[in-house]
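Asker: Here is what each chain is made of, one letter per residue.
Number of protein chains: 4
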Amino acid sequence: MRKLRVGIIGLGRIGRMHARNIKSIIQADLAAISDISEEAVNSVAEELQINQKYYDYREMLNDPSIEAVVICSSTNTHAQIIKEAASAKKHIFCEKPIALTIEEVNDALNSINISGIKFFLGFNRRFDPTFSKMKEEIKSGKIGTPHLAIITSRDPAPPSLDYVKSSGGLFLDMTIHDFDMARFMLNDEPYEIYVSASSLVDPAIGKAGDVDTAAIVITMKSGARVIINNSRKAVYGYDQRVEIFGSEGMIMNQNMPKDFAFLSNPYETQLSNPVYFFIERYKEAYIHEIETFISCVMQDEIPPVGGEDGKISLLMGYAAQKSLTENRPVKFSEVI
Amino acid sequence: MRKLRVGIIGLGRIGRMHARNIKSIIQADLAAISDISEEAVNSVAEELQINQKYYDYREMLNDPSIEAVVICSSTNTHAQIIKEAASAKKHIFCEKPIALTIEEVNDALNSINISGIKFFLGFNRRFDPTFSKMKEEIKSGKIGTPHLAIITSRDPAPPSLDYVKSSGGLFLDMTIHDFDMARFMLNDEPYEIYVSASSLVDPAIGKAGDVDTAAIVITMKSGARVIINNSRKAVYGYDQRVEIFGSEGMIMNQNMPKDFAFLSNPYETQLSNPVYFFIERYKEAYIHEIETFISCVMQDEIPPVGGEDGKISLLMGYAAQKSLTENRPVKFSEVI
Amino acid sequence: MRKLRVGIIGLGRIGRMHARNIKSIIQADLAAISDISEEAVNSVAEELQINQKYYDYREMLNDPSIEAVVICSSTNTHAQIIKEAASAKKHIFCEKPIALTIEEVNDALNSINISGIKFFLGFNRRFDPTFSKMKEEIKSGKIGTPHLAIITSRDPAPPSLDYVKSSGGLFLDMTIHDFDMARFMLNDEPYEIYVSASSLVDPAIGKAGDVDTAAIVITMKSGARVIINNSRKAVYGYDQRVEIFGSEGMIMNQNMPKDFAFLSNPYETQLSNPVYFFIERYKEAYIHEIETFISCVMQDEIPPVGGEDGKISLLMGYAAQKSLTENRPVKFSEVI
Amino acid sequence: MRKLRVGIIGLGRIGRMHARNIKSIIQADLAAISDISEEAVNSVAEELQINQKYYDYREMLNDPSIEAVVICSSTNTHAQIIKEAASAKKHIFCEKPIALTIEEVNDALNSINISGIKFFLGFNRRFDPTFSKMKEEIKSGKIGTPHLAIITSRDPAPPSLDYVKSSGGLFLDMTIHDFDMARFMLNDEPYEIYVSASSLVDPAIGKAGDVDTAAIVITMKSGARVIINNSRKAVYGYDQRVEIFGSEGMIMNQNMPKDFAFLSNPYETQLSNPVYFFIERYKEAYIHEIETFISCVMQDEIPPVGGEDGKISLLMGYAAQKSLTENRPVKFSEVI
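Protein sequences, first through last, are from chains A, B, C and D.
Residue 9 in UniProt numbering sits at position 9 of the first sequence, and the numbers go up by one each step.
Residue 187 in UniProt numbering sits at position 187 of the second sequence, and the numbers go up by one each step.
Residue 303 in UniProt numbering sits at position 303 of the third sequence, and the numbers go up by one each step.
Residue 149 in UniProt numbering sits at position 149 of the fourth sequence, and the numbers go up by one each step.
Hints in this document: simulated from the structure, not taken from any laboratory.
The model shown is predicted, which means the values in this text are computed figures rather than measured ones.
Some hints could be false.
Copies of the same chain look alike in the list, so a pair counts if it fits in one copy or across any two.
[Stated by the list, open to error] Calculated lysine-lysine pairs in the DSSO-like style (CA-CA distance at most 30 Å, straight line):
1. K258 with K96
2. K283 with K23
3. K322 with K311
4. K207 with K221
5. K139 with K233
6. K165 with K221
7. K322 with K207
8. K139 with K221
9. K135 with K283
10. K53 with K23
11. K233 with K142
12. K133 with K3
13. K23 with K135
14. K322 with K221
15. K207 with K142
Based on the provided sequences and hints, a complete structural model is requested.
Answerer: Written out as structure tokens, the structure is:
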């Protein structure tokens, strides 16, 4: 059986997870790994028995036998690596976001277009079994025309202040997934965005110029309204719910619980909280997305989520930021 | 046992329901009924064995033995009847809204203040066992400081166009309950309101100058954000959900199903949809509210929901309408 | 409108509940009440404004204008009152059980047959909206041929020892409802019964010669197996679940919760326990059964649950007792 | 890091699953594989990059560097392989059951005792996150003293008739897991067993001398009653529920759904059926059990489930069979 020879660039938490997932996919051969940390490279190499080890991704890109790369390095390196990998004719899976500025995104997308390689952006939630089923049900008309979408997206705990400062802010770091979810579920594009947000979880986040609690309304081109609510701290765990309400029905999901036990005592019945965070919640989604990437490359198919999706989500984040700053609804056309 | 002598003014669907409920309350004596329709009066009188029948409520108000009245007539008559009942020193339970104009509301509240009678406004949802428990849990600190509220409020089917035209519009007719729910749950007041809304359910509603689908964000004085979503048509039944998310936890409710059966076939597991509409959904709430009214009068206690609540909800509706018209967030202070 | 003139015999907790329910039914006129306690009669008469008051039910039976009686007196009086009421040509609704001995039951049924009046036995659970829907789904073939039934039936707290001693034992007092449920759901008859039971809740119940915890297997004539589990003490509330598993599907119910709120804290998500006991749980069922009784009399239809159902359930209780005593499966034919 | 060198014997569906799981465990080195099918060995070797390949497990046992074996061959070979592996001083993980005759089981356990190796029996359900949490809750007293256990265990579809014929029958093949579950959850031993069972799913199973539908009551030594219901065919998927009811509370589980979406249309709300079968349902359990095995060997700890558990479950199966044949409750002491 032919196996796609894949290299990973960046071996942080998410890079290691992708490494293990690729290792378990029969159609792929995790041939090479790269990270600026020697320790990270060696520990992954030992665990997964990888021979080709790099501390500079450029060397990996120079190996003509590597067909595809998975970019999991820090956000500020994505655009540059995409450009070099595209030049080297490697197919690319890249963690979101492509970049925090639209110029860098355009640059990166340009190099992808020129080289003609496959580019797959890691909007993992699209590949969650629950969300992909919901999308299929909507697409097949089960709820009629969508009128309202309610997206609840809350992290269990805020990241470090350092992370917050370099993250691009709540809208580019966290809500960007919800922006993509809205477009994915509704097959529709944004017309206008309104945000009301502040830092209720931790004043330090506010001092750092960011918000941690947000209520967002997006008027879509079709007239459907999308409501997003975000918090950086849901003490009961990762809260990831989507509800699409339409003319003929409604589809929604419940969170994935840690377990399926119910305990009834004289006072109440207790059930399990949602799983803690994205690694647990989107475990299957991460496997499906990387399988889909590998399959797209091997079957020469267009990736279901690519550069344009990354660009639009970024622009939605800009519009959200502008709405917050100017305290008014902002048309998507204002930020293009 | 002393029983409070109560009269009902208006015997439409909701008036008849109150009549039956009052009849079942030991502390009350449903002594008199009034309606402009002779047929309505006679059918209720026969069903519930009521002797005092009136076709003009003024005659009822003239009977000094009647201690309290329940006003269920059409909205445009509320303010006038309140004034007359207050003058006649009858305690008043009135269906919401008090009136559609702030002048009439002020007039009515004024007459209540002068007469010193009890005034109880029928925001029935506050008396629903699920919502009143949620309020208690929040009040006792179980979820910490509220940060976000998500209120889903969808009717099963739009009312007649005639009703729509005289209703005061979606915000005064339907969302007014959700405005009150936000204040009730959060014990907080509105600072700013933003609305995005249109008529997606039925273009005729749009032609009549109203909307049927709305997404609303209210920034409360505390900084908590309230998100309301409304639709005039949820094909699966009356959707009434409230979720309050705070610094230490979250409380939400599920809809009341028609029954508790689950059927599993080879394709799926089917459960019952929510009950159809407010009469079924708030059956217990309607009993609790009228019991509370009667108890407040007999124990000489201040009603938990009164004229001021009605006025603020109305003003929130005005702000919502202004936001929709001007496509911008509107401060509550702008409409006072 | 013609109304059926009904009298109630016995005004304990269940008698009062029936009185209020009948009072709320438009087709019925609660004309007379009877109890050996003067106080009980007077308090109900005042509350519900009843003029005909009796302290001896025989006087009520002598009133030719009374068309039907509802028997809610203590179990040991049922058979005698049935006989007298049947002689007086009153239609009869009787609380279960008809009697604790088969001779008395046969006597009572005999007098019913001779007089030709309607006899309706109060197996209230058949009229619960959830259980009657389940029955309809099974009847219409939604689960194919039933193979297994799991009936969970647990009280929140054991009755007084005095009650236990005069109750006829767990099988005649409590399980009798489950025996009827099995026949109702499966439309099938018992072939063999096995019981394993003891007193785990309270040793005093054991000393009184009864059991409080039981596991029962009934092999039905069709080959379907029914499993019943009983406890006199479920600390979390009244547990009433039925699950019917068939060749093409399965239908089951969840308990009715006290409310529909969910509270998530950092440790767990809490939901409401089931309602406390039968008065709350079967509130609607009690109304439906008495409505059905009145409708059967007025439309001259055969009651859906009558004397034969009472007799078979009693015999199943006998077989259960015999199985427990002899520690072996007992054929239903052994107790006929 | 030291890694335990493990070999697998038998590469059918369950053997391959164990192979993949062991491959993903950092503490283990899947060093060797063995199967009588050359094709099976080669495909697994290629997929997982295994160098040591055997078509006769005895050769694997001869390799002194192999420290532990995982026996996944057909049931009738288990006892013989256990004896040889024990002689070769390999630690053993063996799929259940050890054997279908008590003599073979005793023989195997004897050889294990003599050699002093670790023996771990694959009662996978004990390692399911939901069931192991339930066990912990019960152990810590959350439900008080157990009084009743309801174990629902239904397969999605019957196995082939050939399999049925060589399986040892429903009680040794399927119910054996439920017998172990009862002992695991209650920390209690069986006193008496009663079975009512027949073939309702497929008459051919009956002709082959087996049953496919069973209702079982086990009276435990403590007095707690365990009720098991089995079916070979639940059209809606693998049904695996356990409910333990005690003096102070109750704990139960719901099935694991395929996904967490809910679709409401005008007629009903649809949710996902349970996952199809044991590979999906016990995915995590299989990983945890093999991790526990490896940890027990490396930390020199006694396996939580071993030979004695296998023997008692087998004897419970014998008692069940005897009860079915003789149509009477059978004391566990009768089959020892």
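Asker: Now, for every hint given, state plainly whether the structure supports it.
Answerer: Do the hints match the structure? See the list:
1. Taking the shortest alpha-carbon separations for K258 and K96, both the intra-copy value of 27 Å and the inter-copy value of 28 Å come in at or below 30 Å.
2. Taking identical chains as interchangeable, the C-alpha atoms of K283 and K23 lie at most 30 Å apart whether they share a chain (15 Å) or sit on different chains (18 Å).
3. In this assembly of identical chains, K322 and K311 lie within 30 Å of each other by CA distance solely inside one copy; the values are 17 Å within and 34 Å between copies.
4. With identical chains, the CA atoms of K207 and K221 are at most 30 Å apart between copies only, with a shortest distance of 20 Å across copies and 35 Å within one.
5. In the homo-oligomer, the alpha carbons of K139 and K233 lie at most 30 Å apart only across protomers (21 Å), although the nearest pairing inside one protomer, at 33 Å, exceeds that limit.
6. Within a single copy, K165 and K221 get their C-alpha atoms only as close as 33 Å, which misses the 30 Å cut-off; across copies the closest is 28 Å, which meets it.
7. Taking identical chains as interchangeable, the C-alpha atoms of K322 and K207 lie at most 30 Å apart only when both belong to the same chain, with a minimum of 18 Å there against 33 Å between chains.
8. In this assembly of identical chains, the alpha carbons of K139 and K221 lie at most 30 Å apart only when taken from the same copy (17 Å versus 41 Å across copies).
9. In this assembly of identical chains, the alpha carbons of K135 and K283 lie at most 30 Å apart whether taken from the same copy (19 Å) or from different copies (26 Å).
10. For the identical chains of this complex, K53 and K23 are neighbours both inside a copy (15 Å) and across copies (21 Å), given an alpha-carbon limit of 30 Å.
11. With identical chains, the CA atoms of K233 and K142 are at most 30 Å apart between copies only, with a shortest distance of 16 Å across copies and 34 Å within one.
12. Taking the shortest alpha-carbon separations for K133 and K3, only the intra-copy value of 29 Å comes in at or below 30 Å, while the best inter-copy value is 40 Å.
13. When the C-alpha separation of K23 and K135 is checked against a cutoff of 30 Å, the pair qualifies only within one copy, where the shortest distance is 29 Å, while the shortest distance between copies is 34 Å.
14. Taking identical chains as interchangeable, the C-alpha atoms of K322 and K221 lie at most 30 Å apart whether they share a chain (19 Å) or sit on different chains (22 Å).
15. Taking the shortest alpha-carbon separations for K207 and K142, only the inter-copy value of 28 Å comes in at or below 30 Å, while the best intra-copy value is 46 Å.
Checked against the numbered hints above, the structure breaks none of them.
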